[in-house]
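> The chain contents come next:
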Amino acid sequence: MSPVFSNLLAQPGVALAAEAAVKIAVVIVVLMGMVAYTVLAERRICALIQDRLGPNRVGAFGLLQPIADSFKLLLKENVLPGHVNRFWYVLAPTIAMAPPLLTLAVIPFGNTLAGFNLVIADLDVGVLWIFSIASLGVYGIVLAGWASNSKYPFLGGMRSAAQLISYEVPMGLSVVSVFLLVGSLKLSNVVAYQAGTWLIFKAPLAFLIFLVSAFAETNRLPFDLPEAEQELVGGYNTEYGQMKFALFFLAEYANMIVASALIVTLFFGGWQVPFVRVEAFGPILAGALGVAAFFVKLLAFIVFFIWVRWTLPRFRYDQLMRLGWRVLLPLALLNIVATALALALKLRA
Amino acid sequence: MPLVVPRPNLTWWEKLYLPAFWKGFLVTARHFVRMLFGRRDRRVVLEYPEQKRVLKKGYRGAPTLVRDQDGREKCVSCQLCEFICPPRAIKIWPEEIPANDLHAKVEKRPLRFEIDMLRCIYCQLCEEVCPEMAIFLRDDYSLTGTSRAELLHDKEKLLEMGGVMQDGILKWNKK
Ligand code: SF4
Ligand code: SF4
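Top to bottom, those sequences are chains X and L.
At the far end of the first sequence sits residue 349, using my numbering, and the numbering has no gaps.
At the far end of the second sequence sits residue 175, using my numbering, and the numbering has no gaps.
The reader is advised that the hints may include incorrect statements.
What the hints assert, rightly or not - Label-pair restraints from in silico Cβ distances:
#, chain 1, residue 1, chain 2, residue 2, range
1, L, Q51, X, L63, 19 to 29 Å
2, X, Q230, L, Q79, 43 to 53 Å
3, L, G168, X, F61, 51 to 61 Å
Unchecked claim - Computed list of lysine-lysine pairs in DSBU-like fashion (alpha-carbon distance at most 35 Å, straight line):
#, chain 1, residue 1, chain 2, residue 2
4, L, K52, L, K174
5, X, K186, X, K202
6, X, K202, L, K23
7, L, K157, L, K175
8, L, K157, L, K91
9, X, K72, L, K52
10, L, K171, L, K155
11, L, K157, L, K174
12, L, K91, L, K174
13, X, K202, X, K23
14, L, K15, X, K202
15, L, K52, X, K76
Simulated from the structure, these hints should not be mistaken for lab results.
The beta carbon of each residue, even a glycine, is placed where N, CA and C say it ideally should be.
For reference, chain X alone in the conformation it holds in the complex (with noise of 0.2 Å):
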């Protein structure tokens, strides 16, 4: 390493800012690969539940199935219908793919490895931060449907828009009696708080609350409504091709995947590993098992993504409607005056 690079380096300000560069590459990188092997998990699962065997040509078990798929969808032709408004149509799925990538920066995948912590940012805000911008991922769909300039993206950006401002709202009051027990917004706080035993024993109805509105905004079925393809052909996506098809695809995936990181890390105890006292084994061990532990049960909730997806049929728009508004957000508000009740409770005794 020449001279010039270590004396910046032992700038504290550059060491900062490369250590997070170095985290953000390695964040994006394994959460790409992670969107590309779970749209082959779906394929495969899905396949297995119908009966049928699903891609299992390219490669063993299909495994280079997504390598072919991006290939293919990066050769394509760029096509741009006549019809659109072209601003537009080119910046939505861009903006559609932003907010996972975004709302990742603040979920810790670990404890501390080698003397790092394994978030990117442990903001104080953490969880406003995640719905603020989670919240800004509908506007690619919104977007999308609009400069589509036709009548089924239309309906779709429209349904999108209605659903994703219904399930904020339970969404996020259910995760205010969370915050009430944990005392803090920081998500590393949260995850040290659940060392002995995970809030989803604490919080059961938090939880369910939570889930639900986590699948209604990342417009996984049974809450698919944008999409709905036997309704509106292909709902926002219909008038998109290729890459750009193939980020609003992705994004899906990539929200997917932080819902349920989000669901690990404020229910099921994000990177601590149950019944094992993993300090024992010395700081480079446990800050692995950490990691792994958080990667386990983070498969685990996307495996489950999945599986709802291919067990319950879709909502009817009323529906989704009525258990938004009239079940979801009455329960998320009684349950933040019952924990808050207890707590009050506990604390006078």
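Given the coordinates of chain X, work out where chain L with the ligands should sit on it, guided by the hints.
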């Protein structure tokens, strides 16, 4: 009379939908596990190029020309199939059979006989219309080629695909 399906009266437990969800999960999980370990015979797909579906009798595959057991190509070049073929896939160039030929009394045979498999819609009308029972749709399916010329079946190819069809009457021998 329209059939009126009465709305079921759901109990509050059923209205929660969670029991129904649970049952659904069990169903899909059962299929998943069964496909993963054992009972693979239940699967609804074939590993196509290696395994092929066993065709039922009467399957309409590629049209072919046949010979009778004496080795005579049965087509007499009447061109009825050419006329009836809806997408005009068949093209025939007739020819007179020379007098010194074994089958001279049949008088006509096709010089060239082409079926464009890129046009054929496997409707079987050619087989139905043929007065000589000379053209049959056989089992060949999934015809693929790398060029248009490859999928233009000529007489040799059609006769080869068709093979011999036993003829119980052999009407030309009785004339
Ligand atoms: S099967 Fe139908 S389309 Fe094909 S050659 Fe015969 S008549 Fe023509
Ligand atoms: S195949 Fe049959 S219908 Fe067609 S030209 Fe020959 S004899 Fe006539």
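> Looking at the structure, which of the earlier hints fail to hold?
4
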